[in-house]
Each structure stands twice: as C-alpha cells, then as structure tokens.
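A.B. asks: Letter by letter, the chains look like this.
Protein chains: 2
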Amino acid sequence: MVDTALEDTIKEVLQQFSNHLEKTNQRKTPERFAILEEIYRRTDHFDAEALYIHMKTQSYRVSRATVYNTLELLVSCNLVTRHQFGSNLARYERAHGRRQHDHIICTNCGKVLEFCDPRIQQIKDMMGELMNFNVESHSLNLYGTCKDGCE
Amino acid sequence: MVDTALEDTIKEVLQQFSNHLEKTNQRKTPERFAILEEIYRRTDHFDAEALYIHMKTQSYRVSRATVYNTLELLVSCNLVTRHQFGSNLARYERAHGRRQHDHIICTNCGKVLEFCDPRIQQIKDMMGELMNFNVESHSLNLYGTCKDGCE
DNA sequence: ATAGTTGCAAAAGCTTTGCAGTATG
DNA sequence: CATACTGCAAAGCTTTTGCAACTAT
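First to last, the protein sequences are chains P and E. Mapping to my numbering: the first sequence position 61 is 61, numbers consecutive. Mapping to my numbering: the second sequence position 51 is 51, numbers consecutive.
Certain hints may be false.
[Claimed, not checked] For lysine-lysine, the following DSBU-like pairs were computed, each having C-alpha atoms within a straight-line distance of at most 30 Å:
hint, chain 1, residue 1, chain 2, residue 2
1, E, Lys56, E, Lys11
2, E, Lys147, P, Lys23
3, P, Lys111, E, Lys124
4, E, Lys111, E, Lys147
5, P, Lys124, E, Lys147
6, P, Lys28, P, Lys11
7, P, Lys11, P, Lys23
8, P, Lys147, E, Lys23
9, E, Lys124, E, Lys56
10, E, Lys28, E, Lys56
11, P, Lys56, P, Lys111
12, E, Lys11, E, Lys28
13, E, Lys11, E, Lys23
14, P, Lys56, P, Lys28
15, P, Lys147, P, Lys111
16, P, Lys124, E, Lys111
17, P, Lys124, E, Lys124
18, E, Lys11, P, Lys147
19, E, Lys111, E, Lys124
20, P, Lys111, P, Lys124
21, P, Lys56, P, Lys11
[Unchecked claim] Output of the computed footprint for chain E on chain P, the stretches with three or more beta carbons under 8 Å from beta carbons of chain E:
hint, segment
22, 39-52
23, 98-107
24, 111-119
25, 125-133
What the hints contain is simulated information worked out from the structure, not anything from laboratory work. Note that CB positions come from ideal geometry on N, CA and C, so glycine has one too.
Generate the whole structure from the sequences, applying the supplied hints.
C.D. replies: Right under this line is the structure:
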C-alpha cells in the first residue's frame, strides 16, 4: 500500500529543499536529498546515529560527517527540528507540514508523545514583551511515567 | 558585606544534604559539602567544568570525577537542577528555596534570564490527565535575542 | 575548470569508568 | 577495619574537523 499523502509531502519537501539550496548557492547533491527523504519516511524522534545506520543498511551509503552536515542544513531551513529529551543526545524529527507541538517523555521506557497547547504561544508572546526579547523558538518537554505501564 | 540570608540558606542546605546522606547511608565527605556550598554561592547557570575550575582556583581541590558524582547526587535529592540550553552541555543551578521558574535564552550573547508563569502548571496537569502520564517535571526554554543589544 | 561536498579517520568536548589509595562510620 | 569515596587517567560517546578525492555547476 502506498501512502499517497506521504509521497506528496516528500515531493513537496524535496522541491522546497532544492529551491533553498539554489537560493543560497549550495549544491544539490544526491546525499542531501537521500537524507531528507529518509527523514520524512520516519515518524519517530531519531538521533544522528540511528539515521546513519538506517541509511547504511538501506540502499544508500553516506558518511557520518554528511549526515551531521545535512541535519544542520535541514534544521537551518526549517525542514527538520532538533530536540534534546533530557540526555546529551540530539534528537530530530521532520518539521514541514506539522503544526507546532511539544513533547511528553516517559523517563521509564523512553516513549515520546506529542501534544499541542495554545497557552505556549501566549507565554512566548507575553514573556518576549516583558523581558524585551524577540522570542524565536521554544522547547517544552514534560517528563514523567506512563500510568498504564510502559511497553 | 556579609549576605546573612545567603549564609542562612547555605547552612540550611548543608544540613539538609547531611540528613539526606545519613538517611541513604552515604558518606559525609568534605568534598561533597564543599561542592554544595560552592554551588550555592553562585547565582549563574554553570556547567560542570566551570564549577571544577572555580573550585580548583579557590581553596578547594577536587577531581572532575567527584564534581560529576556530586552534581548527580545533588540533582537526585533536589538541591540542584540540571538544564540544557540548546547545546549538548549540561548546565546546573541551585534549587532549594527557589520558586519554580523557566528560562529565556539569548542565542546571540548566551544570556539566561528566568521567568515564572502559572500556565505551565496548568499545562502539566492537563496533559498528564489527557495522556495518562504522571508528570514529574518539565523544562521550558524560550530562545530569542535581546531587543536592546547584547552585552 | 573551480569550488563546494563528500568520506574517512583523527581529534575534540563532555561525561563515565576502572582501579589503587584514602578516609569515613 | 570494612568499604564507600576520591583522584587520576583512560575510555566512551556524540559531534566536529582536516584533508585528499570527487563532482555539481
């Protein structure tokens, strides 16, 4: 079964990335597109190593250096977001076409769920005003444990 | 000039730590108390290395291992809190006698300010309910830039 | 042709660990 | 006096960097 919505998103995102690279005079290498596509086929919150391993075991061979470079590039053009869920390890997820959301993390089993709350935006606006800051982004993580047992 | 409120806090916190160590059958070493006191004399959001360096240049000699061990111990008994402000570097601050607060970070100059907002607690309560989680803690960071120029 | 990119391996930065020696209870 | 803790150095892990080879433009 083919997920046509996903295929459309991927097509759109690849195009958007291509435009960005063109605009900023950076090269359209196959590695960059392959990494972006791989990221959009995932639904989890992965780390750089997991992405690297997954690409290696798939059709594609890339180096760790390129994975890290491309992740940074994708974060900078808002196609991917970067998180840290309590540890020193950076985690990533696709960003395009997703509404703003935050995360709730089980410190027991590591499960990560997403939630939305409009009050965050209110807090950002109010605090920007109050502290004389241009607030550009935020990160909100709730930590706890699943009530109905972990997987 | 002596800050008597600070001295009182330190006395109280050292006592509390002492009680905790006793209760959990851990040893009251001079290094542990020296590190705790040093932390409570700081007002910033420091990393382990800065604390280590500061202790070395002061009267006290401790090893990095002991600094890391003690920080973990202090976090676990809620006398110190651990943060990550966007990077992979852990930052710490004293926790006792401070009301719950979150952070707003300037991505330009690194300045860290604190703020309180009651809506966070509401969000934690509501999401715990909604997602069937026991929410134990959270971390909210706002990122942006100072409007009136950085230091 | 000429830079920007890649891959590899080495290095860097933060944190943890193993172990022998030390000091607490 | 038993053993938990310390200090030191080595190892671990994630991420970055240097450089020669490659390739997009």
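A.B. asks: With reference to the structure, classify each hint as holding or not holding.
C.D. replies: Going down the list of hints, with the structure as the test:
no. : hint                   : in the structure
1   : Lys56(E) to Lys11(E)   : holds, 22 Å
2   : Lys147(E) to Lys23(P)  : holds, 29 Å
3   : Lys111(P) to Lys124(E) : holds, 17 Å
4   : Lys111(E) to Lys147(E) : holds, 12 Å
5   : Lys124(P) to Lys147(E) : holds, 15 Å
6   : Lys28(P) to Lys11(P)   : holds, 15 Å
7   : Lys11(P) to Lys23(P)   : holds, 18 Å
8   : Lys147(P) to Lys23(E)  : holds, 29 Å
9   : Lys124(E) to Lys56(E)  : violated, 40 Å
10  : Lys28(E) to Lys56(E)   : holds, 20 Å
11  : Lys56(P) to Lys111(P)  : holds, 25 Å
12  : Lys11(E) to Lys28(E)   : holds, 15 Å
13  : Lys11(E) to Lys23(E)   : holds, 18 Å
14  : Lys56(P) to Lys28(P)   : holds, 20 Å
15  : Lys147(P) to Lys111(P) : holds, 12 Å
16  : Lys124(P) to Lys111(E) : holds, 17 Å
17  : Lys124(P) to Lys124(E) : holds, 17 Å
18  : Lys11(E) to Lys147(P)  : violated, 39 Å
19  : Lys111(E) to Lys124(E) : holds, 27 Å
20  : Lys111(P) to Lys124(P) : holds, 27 Å
21  : Lys56(P) to Lys11(P)   : holds, 23 Å
22  : 39-52                  : violated (count 0)
23  : 98-107                 : holds (count 3)
24  : 111-119                : holds (count 4)
25  : 125-133                : holds (count 7)
The structure fails to meet hints 9, 18 and 22 from the earlier list, while all remaining hints are met.
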